[in-house]
Amino acid sequence: MKLPWPLYLAWKQLFPSQRKISFFSLLAIVGVALGVNVMIVVIAFMQGFQEKFKSDIIDAQGHARMIPVNPQGRSMDVLSSLGEKDEIIGISSYVQGQLLLQNRDYNSIPFAIGLEPDSCSEVLPLNEFLKQGHSVMDSHDAVDLTPSPTTDALEDEVVFISLEVANRLGVRPAAILQLLDENKTGLMDGEDGRIEVRRLDPFISSGEWILEILGSNRIMIREVISNFETVRKIRDGVIDLGYGNPVFEIKKGSKPFLPGMIFRYQCFRSSTIEVYSPSMIEKAKSDEMSPPYEVRVGGIIEVPWQGFHSEVVLGTARFMQVMKNQRDSADGYYLKFSDELARDEVKLASICKQLEGIWSDNWVVIPWFVENAWFFELLQFEEYLMILIMIPIGLVAAFAIAIALMTSVMRKIREIGLLVAMGAGQISVGFIFCLQGLIIGTLGAFLGCGLAIVFIHYRDQLMSFIVEQIAGEDGQVGVSQFYDFYSLKVNYPWESPASLINFLSFATFAIMVSTVAGLLPAWRAARLNPADALRSE
Amino acid sequence: MHYGVSESKESFVLLTEGLRKSFSFGNSKIEVLHSVDLTLKKSESLSIRGDSGCGKSTLLNLLARLELADSGSVYWEGKKLNASEKPSTHEISKRASFLGVIYQSYYLIPELTVLENVLLPNRFLDRVDSTQRQRAMDLLEKMGVLDKQNQIPGKLSGGERQRVAIARAMINYPEVILADEPTGNLDERTGGEVMDLLLQSCVEEETSLILVTHNPKFARATSRSSVLQDGTLNEV
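Protein sequence lines, in the order shown, are assigned to chains A and B. So for the first sequence, my numbering puts the first residue at 1; every next one is plus one. So for the second sequence, my numbering puts the first residue at 1; every next one is plus one.
Quick caveat, the hints were computed from the structure, so don't treat them as lab data. Quick caveat, the model's predicted, so the values are computed rather than measured. Any given hint might turn out to be false.
[What the hints assert, rightly or not] Okay, the calculated beta carbon distance ranges per label pair: (1) A/Leu395 <-> B/His34: 48 to 56 Å; (2) A/Ala400 <-> B/Asn185: 33 to 41 Å; (3) B/Ile30 <-> A/Ser536: 14 to 22 Å; (4) B/Ser28 <-> A/Asn529: 41 to 49 Å.
Note that beta-carbon positions come from the ideal geometry of N, C-alpha and C, so glycine has one too.
Based on the provided sequences and hints, a complete structural model is requested.
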């Protein structure tokens, strides 16, 4: 392929024959690449954070919330109409308010939400929040085998509370520790045959459980305090002794159970909390005293969305209706739409508007992005601010390129004169330097995009390394609590249009800035008098 | 150096009429060329000698239309060019095929190999093909530096560099070669070899040559000799 001669000379000056690359080219290209890489990675991470927040928000409150315009319109009649809508794939009513919780002398007034146990999982992945909310008990030789609670444990007398509320009240859910495991070899997990705890319901009593292997297929189970004793077959796998008792699960491993082996467990009952509601205060005013409502702590709930109430208690809708003395009504509905609809914010906003019209504007349907618009505007502002801060990085690279190319013009002044003497046009000669800027920018942009992809791919390892260097190994946990880089979904350019636009924008910016940086030296070269250039020393 | 009455301007490959050039230094003005008239026929070689700073290089620049004269005309193959006006696009594009230039300091492009340097003027005419490549190799062979074709200029001696510069000047079969002290940086023996090659090549290729030199021996080797003194060119 015949290159136009200015492009040929521009390329040769950057990549001379017999040498792979000139030192100047290497520095300039790497400089542009690093700038592009930093800009892309920062914005990609910001987009990753936005995606994560979006996902966390939807998990915490569904795609939309439906709220009555006036308190009298809280009827649950709309539920059947909502269920007929094809676009809606999940509905769960909620009742919310403020409650006073008390444990001995400790009080807390968290935000309380009552959910329908049967339908809430259609809209909110509560089990995921509960899984994270398991508070591990530390002990010297004991192993905490408390299973993660699930929404199956949600009853009218059971609540899930946030860690802040649990700490404030000094309460915890039921827990079970393994004190002795005679089949333990200390080898890797899964090697030994072991006995785990599959379920621990909130109404379990405190006690000490001893499991003894009697033979190849028999195991004796005994509770020390109540003297309860039973013998079961090992091959049953799951040993369910009924409500109020732990459910054990026997897992066979490479090291078999031998007769006489003892397994000992200490079980701790869940704390009880006294609940006072505003309706009780109303009753007290009319000299009607009602006793506090007692609930058990079923588990700790941790919602990853930071905008969610940090002090929260989660119970059944019926529990909240009783507390608020508000029978057969809901304060609103969490709605979940089909994925196709949820992906398109315009469509989602439109369907929410249509739903409002059905009930003569007695209900407002607020999509997640409208309810949290303030937060996303803040993130957007932060993103723009980052871009604004990073633009000077590009400009610094441009200045560096301009200075280097200008130096090149001065150094090659007699060559420029010679080119004109040999028949080159002066504008074409100037074009050589402009093209050098373009080549540096293009190669730098490509390399920067490549580096960004590598950085995004190895982000966990890189972040771990950086955090470890700064905060040490222990600091990893602390840092990841605030900046959850490890679970961050950062898209590659082929995975999302936003990421592709991010890559293309910064690559184009780098190419433009580098080309513009070459204009001044090009103009200088084009204006040189060839005779003066040839005479210059 | 006026042309005769019987000769038309078209019969000269290069011709000047009343070329004047002065340089300003502050308030003072120094006229280095007073009405220079020069003629050069096809295949002719003309040497120009003169003291340092007498205007020899300036005259070559005016002939190549790299510099503007105060007044006068330059004729390229009989076509009149106003020497005091900026060269037209046509003149610039013609320069690559009409002129070959050789300088004392070689001015090879350091990023290109020897072969690429020789082919560079072809690129200005968009004429790089196998024929031109072969022509470049033939010229390098004639200059005795074919084995250096893939080396960069930095690895060559001064004599070798100037041989490459001669090959580069001849690549486009120019009508005229302007050589500005081509042996100025070379020792006597090497300078002699280079000069022999230049003169021999010009004869073989029927290329006209204007040679600026301080060396009387080289000046005598050209078909015509002249001296630039006090701003005028006098044939000797």
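### Query
Which earlier hints can't be squared with this structure?
Failing hint: just 4.
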